[in-house]
Amino acid sequence: MATKAEQASPSAIKTGVTHQMTGNEAFARGAWEAGVKVAAAYPGTPSTEIMENLAHYPVGDVHAQWSTNEKVALDVAIGGSFAGVRSVCMMKHVGLNVASDALMSHSYIGVNGGLVLIVCDDPGIHSSQNEQDSRLFGQFAQVPVFEPSDAQEALDFTRAAFEISELFDTPVIVRSTTRISHTRSPVLVSERETPEGRGFLADVTKNVMVPGHARRRHPMVIERLDRLADYLETSDLTRMEPGSSKLGIITASMSYVYVKENLPEASVLKLGLSFPLPKKTIQDFCARHDRVIVVEELEPVIENALKVWGLKVEGKEYFPRIGELSPEQVRIGFEQAGILKAEADSGLPQFEPLIRPPLLCSGCPHAMSYNAIRSLDVRVAGDIGCYTLAVGDPLTAIDTTVAMGSSIANAMGMYLAGTETKPIVATIGDSTFIHSGIPPLINAVYNQADITVILLDNHITAMTGGQENPATGKTLRGEQTHAVNFEDMIRACGVDWIERVDSYDAATMIHTMREAVAHRGVSVLIADRPCVIDPVRIKGPAMQVDKDDCNACQGCMNLGCPALVWSDEWFEGRHVVKIDPSACIGCSVCAQFCPTGAIQPMINPDQAGAKAKTCAGTSKGAK
Amino acid sequence: MAKAKKQNPVLVPESKKLDPANMTEPVNILVVGVGGQGVIMVSKVLAQICQNLGYQVKQSEVHGMAKRGGVVFSHVRFGQQVWSPTIPVGKADVLIALEWAEGLRWMNYLRPDSGVFIADTKRIVPPFACRSRALGAEIGYSKDTPDDVKAKVCEAFAIDATEMAAKAGNERAANTLLLGALSTTLTFPTSEWKEVIARMVPPKTVDVNLSVFDQGQKWIDGSRRGEPVEGGAFVPLVQPEVNPERTMLEITAEWCKGCDICVKMCPERCLVLNKDQVAELAEPEKCTGCHICEWLCPDFAISLNPVSQEAAE
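Sequence order for the protein chains is Y and G.
With the numbering used here, you'll find the first sequence wraps up at 623, consecutive numbering, no jumps.
With the numbering used here, you'll find the second sequence wraps up at 936, consecutive numbering, no jumps.
By construction, these hints were calculated from the structure, which means they are not laboratory data.
Keep in mind the model is a prediction, meaning the values are calculated, not measured.
Don't take every hint at face value.
[As the list claims (entries may be wrong)] In silico SDA-like links for lysine to any residue, alpha-carbon gap of 25 Å or less:
#1 G:Lys-667 <-> Y:Asp-393
#2 G:Lys-766 <-> Y:Asp-393
#3 Y:Lys-316 <-> Y:Gln-329
#4 Y:Lys-539 <-> G:Val-829
Pulled out of the complex, with its shape left as it was, chain G reads as follows (with noise of 0.2 Å):
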């Protein structure tokens, strides 16, 4: 993260913050991730400390599936006066958020001259990314990484909030530790912050919170100033395995009497009766080797076998 320096040399005067006093339009902060993370929570903090300090808030999300692992986003907007309760396509003054391709989906509510983003970069990879069935695949996950968006965005901080929040002693605590964060880019006082924390955050965890408060406000002021800041880590995914060994399924026809067994029971659905009621590998490239097929058979009709590297060419 000691990258920032080179972009962002001078550490924001408070000047610079967002004051909703001092706008005519309302500040418009933007909160995303994935159901279970926190995202309603983190957006309930910033409007009820908007609300103690006397701004008109606006909060919008949609609800149904958040329970589902789906995507989740909440609207704050707050400020003298505000109308739709959701912020507009590049409008958004602030971008939290908690997964790393989560933040990347909304990128474009970001304000091109000013916004700034901020996101943990954990990943919560979708079974919907680890689909393939095809030798070598990778991860259906977003590769695009901190340097390619400072590269488009005003202003990019990547933190491995969960992980310092783990470290702390409670991996949920990282969307406090992110609201440390959000709050410097902000004029409101850091004690009001930490009152409304304090008493939303279940009792049990209120010092855990307020310590991760402190460090995700550190870690940003700390990285402005172009500081070496911990925490910054960013995992490359997986590199495919290079030339891997394989198996082939093989049928003794004549020994097969379409019993429909291994039809069935093929997790990956790649095998038929044919026309003469004998099973066969429709879909080659299906197949797995899970050798199920191989065991249940009745016959021994069927194995399962190593391919040479020729032959597999």
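Okay, chain Y solo, but in the shape it has when bound (with noise of 0.2 Å):
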């Protein structure tokens, strides 16, 4: 692990020893070490911190920026590559679907300075709204997909991908997944190389794709395949490790280390790129065992590349196609093929494990904003952000959620069915609104749809953990730079009703709100208040409860704020709220809901039971 004065210039770490590292840290040192010029991201979970990462290498070696969404992310990289440097994009792998409109052209154009794509899949959905295997775009896009297992790996097959793309005049895919990225593991790190810029190949043959240059790429697009299938038969990205010729087993990824950690013995053909295979090795494979099984997670792309060339291997069988795998999933897996001895699983300790959802933070202005469109009783169209946790109790106040951007134009189509008695509602927050809200917009204007959008403006990309955007007047590496003005813009979009309102003034936002679904056409509130934890964690002095004034009412606890507690006190029947005052950062908005006025502020947190009363104290209710 780095210590942080070794974090603070991670370009200046000891060469030649080995480094803890997470996946994540040894893709940025890959990119940097392969001479990376030009480099850019749109943050999402499992791959934001491969670039937040990168960004503490050296100016003068990397430009390294945060782009409104992972397409202008990897346009940016195919400039750079056009340029003739070292160009890198990372995304989640759903910020694949947007960036792939530029990859299935841009694979046609080749490289002139390597353009490598680090893509990182989340096998389980912990934070995602899918697991789609992205390897598939490989086949789909006819580019190579690389598979590390490691952090050193990550690291390694980084630079070699550098070294295919520019060997074979092709965009290289790494895919990582969230175990891979998120895992830290000794990583052996080495200089940098300076590779010249090539300088712009002036070819328009090559870099323009009008329907006569595309026409004559393709047959090379096919053709650099198969070269670089014959150069994985012999390259050290293939690895055999023999074994007994009862069991072979071909994997790639994550999924080797399980392999290994239950059958470490085993005669393993480990490939380093799971798009193209090296067809001679995998034939000569299959035909020294008797039994061959390819263990990958999700989808069964090896497998049914194998079963294409007529080879007689198992996989799915024994292995789900859903989900994260893990050590003993494997095992499972080996269990089921009557390769290792059914292990007894009963036996072990067991307790109701509790619900314990993710959570709003406490504070965050999102739980205003949603519990003031619960109360509009409307059809709202939900986004990508932390604010889609407004799905869950207490606050379920969206009815759907798609893919980034989509709640603009989704609220249109429910608008134009005509089928919805209730106002339609579209949320967004500011960073998802600039990655792919603003279409949908001046859509929804142009066609003359009847719908309100709620811009959740936090100032920051909130969900990721807090990453500068072009509203919030700031790079990734922390310049001052401009910042979008929403109003200015939406209202070149052609929105005549636009108002901003303080996501904590509870009434006022009510009020705003029920203007804004009665106006008719588009209209667009602002609910405008800081991210509680990000850029700074802020923190006030905190409230607290009277808890002989408390009604038990519960109208507080439906912000669903994880400070708000019930505490060991009743009120017929009903359990009086507390307050955590270490959680508690003083919004004072569950004090604005409640009816009694039992939520005041402490005058000195230190002080514990003290009391201000801002307006006379009320007692419980009318008895």
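Relying on the hints, combine the two individually framed chains into one complex.
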């Protein structure tokens, strides 16, 4: 693990020795060692920390930026490649969907400076909207897909990917998973290589994809994959680990370590790339073993390719196509295949697990916004961000969530359907709005929708841990820059009803939302309050509950604030509420909902039990 | 905690401690808790020590929801050769829990024959556990006690680490106290632990962290010897109120003009306008008697009245 001093300047850590690194730190290191000059990304779990780490390397070495979305990021990297320098972009799996338009054509163009996409899948859906297998994009776009299995390979494969990219004139995908990105393991680091910039390569037949050029490039794409497959037959990216001839296992990525965990002595063919595949090596391996099993996470990408060649292999009959693999999941697969003896899982101590869903933070402005939305009784098209958590109890204020930027167009479609009797509202965060919410807003105005857009502006990209975005006025490296003015931009889109409201002002928020919904046409309400944890953790004096005044109505509990819990006191059969002063940031929203005025600020938070009444305290209702 | 004496009469000798140098399989330590408690700090310290001592270490956790009060866990595996970064179910040598219910959640990862369970008795009650509006509803939090755990696992320690750390001057040092407890299960020298902890905690908190580390060590050793140790308090969950007073919402239909204010503003969504456009208490079991509808009704059509015990039954 890097000490604090090392983290400050990761370029200066000692080379030739191992350091504990996460996969994401190793990807960043690999890109830096490969001499990357241009790097662009849009944050997305689990890929975010790659760019955050790369930004710690010297400004003179690499231009690192947050782009507005993944397609923009890839196009920036493609521009870098056009101009002859090594370029990289990073994204989560669903980000590749956004970027794929550029990838499909760039595959035909190929590279000048090496171009690598680091794409992080999320098997098990730890923090995503699906668990698509991005390896399939390799076949779709006809680009190679590297599959590292730990942090060391994350570094090594990233470097190798740049070489392959330039050697075979192709963009390259390096595919990670949540487990690889977020696991620390030892990594041997080296110096940065400084490949000479190649300069722009003026060749319109290669760089301009008009039909005539594209038709000539397509055969070259197929041909380069054949050459790469041949190369992989002898490359050490394809590794044979000999064992008994009874059973052979073909695997890659994290699945490899799960195989080794369970069958350390087995005969293994470890593939460095899942596309293209070294056909002769695989055929020989299959011929030398009585039985061959393919172990891979999610889709049967390798298995199906082998079956198309007519090879007799097994795989997905034992290993699930859904969810993340684990050492025990792989063990169970081998048990079902009759390779391992069944181990009894019974007898393990087990207790009823507590339901602990992720929550909006205490004082989160979104909690108030959705509480107001809930009181409108409207149909809500949601979007991607922390605020998606408002779908759950107690806020229960979101009806749909599809993908980044979907909310506004989804709302438009619901309006057009004409079946909805409730007013239609779209909710979208500031970063998501910039990512892909602007074209649908223009579309809604252009096509005369009657919807309300609530722009949840918390001045940061919060979901992924607090990244700057074009509306924050700061770049990835913290330099001052232009900040998008939302009102100006939205007005320019043709919206004639725009209001900005403080998210903590409950009465104004509810009142203004009712006006917005009543407005005919597209109305935009900007719910404005900074995130309470990023870029600075906000902590004001805590609020406290006067247990004599609380009538246990549970109204404040509808905010779902983690600082509010039940005390040991009862009133009319319900729990009197208390506030955890270490968690409460003093936003006062709960106090605004309290019908008895029982929630008041502490004068001095150190003085437990101190009470400050800003208005006359009311008794517990009219009994 | 004196009860530990009966089950663990002998202090674990040095030879029984986990020593990765003499083991073919890796040592597996699972650290669990809730976002913001310092789970990752515990596993980072452990991983750093293992690295300093020349072992291969893999440390795996899932970020993303960690800041949002969600479940946090970190697998640490070390030894001569480590393959999977995650610990297989039933193979954890030690389970360290920074929060009581989180410890219970991961119990099936513990080795049934030799696993050691070390947990802070601190409860972080999620809002979800306080959702019920039913009269006399209990907090939806695990009811299992340290005795329930001891009956099911090889060796279990329930320490009031947060309280002890708070007394020592910083409740956030509870994770270091548990590191002290963890250190008693491994052969690593105490000096190595302290050096790494001193380097990794904020400079101002070094003294308090080192002091609670000692407390954690002493607590486990004392408890294993059967000495009375402070800080094993386990506060039971609150019992429901018996025969509570109740109130009931009454709506004078003749006075209601169907303005919809009460329906829209009811925090519990228990009112509706019926087919005659008159407000009606559709879900009486959801009404908490907050008075908001009563106060907002422009026509004084709603009132909240006490219910006699007989009427309630």
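Going through the hints against the structure:
1. G:Lys-667 <-> Y:Asp-393: violated, 34 Å
2. G:Lys-766 <-> Y:Asp-393: holds, 22 Å
3. Y:Lys-316 <-> Y:Gln-329: holds, 12 Å
4. Y:Lys-539 <-> G:Val-829: holds, 24 Å
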